[in-house]
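Student: Protein chains in written order, with full-length UniProt numbering: chain Y, 1 to 226; chain F, 1 to 425.
Since the hints were derived computationally from the structure, they do not count as laboratory data. Quick caveat, the model's predicted, so the values are computed rather than measured. There's no promise every hint is true.
Stated by the list, open to error - Incomplete in silico selection of chain Y near chain F, CB under 7 Å:
(1) Tyr85
(2) Thr89
(3) Asp108
(4) Glu114
(5) Thr115
(6) Asp118
(7) Lys191
Stated by the list, open to error - Which chain Y residues stay away from chain F? Per the calculated CB distances, all over 12 Å, these:
(8) Val53
(9) Asp61
(10) Gln137
(11) Glu156
In this text, a Cβ means the ideal position worked out from N, Cα and C, and glycines have one as well.
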Amino acid sequence: MRVVIAEDNVLLAEGLNLLLTSAGFQVAATVADGPSFLAAVAEHQPDVTVVDVRLPPSFRDEGIQAALAARRTGPAVPVLVLSQYVERTYARELLRDGRGGVGYLLKDRVSRVETFLDALRRVADGGTAMDPEVVAQLLVRRDGDAVDTLTPRELEVLRLMAQGRDNAAIAAELVVTERAVHKHIGNIFQKLGLTPDESGHRRVLAVLRYLGGDHDQPTPSALGGR
Amino acid sequence: MRERLVSVRSAATYSLINVVTFPIAVAFFCVLMVSAALIPLGIGIITTPMLLVLLRNFSNLERRRAGAYVDRPVQTRRLDLSGRGFGAFREALGDRLIFRDFGWLFVRFTAGMVLGVLTLILAAAPVLSILLIPSWQLLPGLNVAGVEITAWWMALTLLPLQAIVFALLAPFVTPWLARVQAQLSLTLLSSATKRELADRVETLTETRESALVAHGAELRRIERDLHDGTQARLVNIALRLGIAERTFADDPAAAIKLMQQARDGAEEAMTELRDVVRAIYPPILADRGLAGALSALAARCTVPTTLDIGGIGLYEDGTESAAAAETALGRIPAAVEAAAYFVVTEALTNVGKHSGAKLVTVWVRRVGDDLYVAVTDDGKGGINEDGGSGVAGIRRRVAALDGAVTVESPLGGPSTITVELPCGS
């Protein structure tokens with residue numbers, strides 16, 4: 001699998017390079033700013049990209065902007081965004097186009113190599129990988145929200161689902177059967193007024209959209225079957 | 001001798017201009033009064049600002065001239081009106097110096113005129129006395145110090161005597177009189193009285209002291225957090241890795257356990273570091289500016305939150321409107337931005353915890369050099385400032401920046417916390 005890395009910190013860029021190479025990925029290019037990232041994506045057509053939020057020259061949110069730009073033009077290149085801190089605003093911006101293949105993780109998570117690689121593969125496959133902290137922020141409850149009606153177990157399932165895990169992973173994590181997970185998800189969708197859908201990231205997007213605060217009806221493209 | 005003559009001449013020139021421009025000053029004053037009288041008719045609203053700009057040019061001339069005379073550089077202040085119509089009118093009347101200009105104009109043709117004429121007469125007296133000698137007969141009642149001149153011998157002795165006395169006095173008295181005029185002008189035209197300045201210095205000294213104390217405490221807290229927390233954790237990690245390295249050959253399982261512990265420690269250290277960084281300057285502020293950071297805050301609040309920043313309503317993730325709001329707020333120093341963010345964070349936390357509100361509004365405006373932040377909720381009110389609410393923290397943080405906090409929270413609500421933060425240097 002071919003990867004393009006956008007990371008201006010030389011130490012971290014080297015570390016990522018080493019980590020990905022040793023895990024069997026092929027690092028096509030390592031760049032240090034937004035424009036070279038866009039150029040590298042156009043040139044190498046990578047299977048997945050890893051992007052730092054803060055890049056030169058402004059050291060604001062150049063990485064997010066570059067990632068969004070890369071996805072706007074042409075096919076949605078899968079992007080895993082790494083950040084020193086999490087901000088639900090960024091997560092929502094990444095998820096907004098509803099095309100999947102996005103992830104947003106704290107840089108700390110890189111140290112859990114297997115979890116990190118798993119998230120990266122999920123993103124490459126068009127799924128999502130949201131940091132548990134982002135999900136926690138997204139799950140902030142507001143008075144009168146339908147989320148209030150969920151049972152603790154259902155909330156647990158929703159949390160894992162929002163991170164981008166599939167049913168098997170959720171079942172393993174909660175030590176229950178897949179059938180039980182399936183039932184919980186059905187209840188959640190019903191309580192939140194969403195049409196159930198089995199295809200991986202789409203349901204997560206729908207859930208995130210609903211939880212993220214803008215209470216628009218989820219768009220049909222995010223809910224309907226393929 | 002030469003110097004004396006020069007000083008008399010410059011005093012006379014200074015006074016002469018004051019006297020010659022007397023009709024202009026009177027005429028200008030009258031026109032201004034007419035213009036003011038026409039304000040209710042609407043015409044005055046247009047003409048007065050234009051006249052006041054002229055007046056400012058006039059008074060600036062005097063500032064320069066009087067300043068040069070007493071050899072003291074004086075700052076001139078331009079009156080630039082950017083508005084039109086009523087806007088210009090309000091702007092002109094809002095100028096701090098405009099009433100001083102007006103007062104000066106009045107004094108200019110009253111006391112100033114008298115002083116000017118007196119100075120001129122004194123400067124000219126020696127010459128005048130001599131010139132009077134041949135024509136004494138044409139001026140009945142002409143006298144020198146009360147002695148009437150009735151004969152040629154008197155004219156030939158008393159008048160030269162008078163000329164000598166005046167000639168001796170003039171070099172001392174005329175410059176003094178001219179200086180009195182110049183000082184009078186400068187006092188009337190200068191921008192702030194010493195009293196005002198002294199008061200200002202006093203409050204600044206106090207707020208600066210509390211700012212330094214707060215800053216010092218903050219530095220010590222950061223040092224403690226880094227030293228006792230992060231640094232200690234890093235040492236612990238290095239230690240575990242060192243032991244793992246030694247035991248790896250003999251007991252790989254134990255070594256791996258140590259390495260896992262080291263990784264856990266590293267994660268904790270990173271979490272701590274993030275908290276320290278956030279307390280110094282919230283990263284979202286650096287990334288998104290104040291408007292963007294506040295909209296992120298609002299999105300995270302447990303109570304639905306409306307944002308009005310610089311007159312622009314923001315919704316969650318409204319990146320483009322955030323940019324417009326940022327422009328509306330203008331340049332804000334980082335310390336003020338951080339304080340404003342802190343105030344809203346604390347206020348929203350309070351609202352979420354205690355108020356029972358259904359809706360919060362965060363309102364931010366830039367008025368001149370000040371940034372205003374107001375957080376209003378429709379909760380049950382009665383904020384208790386002693387009960388360890390965030391208000392004490394808000395007050396401390398705002399005081400350090402020479403700002404002001406107002407809390408309105410009647411029992412039964414609604415509650416509003418308003419903060420004023422100066423952005424000027």
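Student: The structure should be examined with respect to each hint, and the outcome stated for every one.
Tutor: Status of the hints after comparison with the structure:
| no. | hint | verdict |
| --- | --- | --- |
| 1 | Tyr85 | 5 Å, holds |
| 2 | Thr89 | 4 Å, holds |
| 3 | Asp108 | 5 Å, holds |
| 4 | Glu114 | 12 Å, violated |
| 5 | Thr115 | 12 Å, violated |
| 6 | Asp118 | 16 Å, violated |
| 7 | Lys191 | 20 Å, violated |
| 8 | Val53 | 7 Å, violated |
| 9 | Asp61 | 5 Å, violated |
| 10 | Gln137 | 6 Å, violated |
| 11 | Glu156 | 20 Å, holds |
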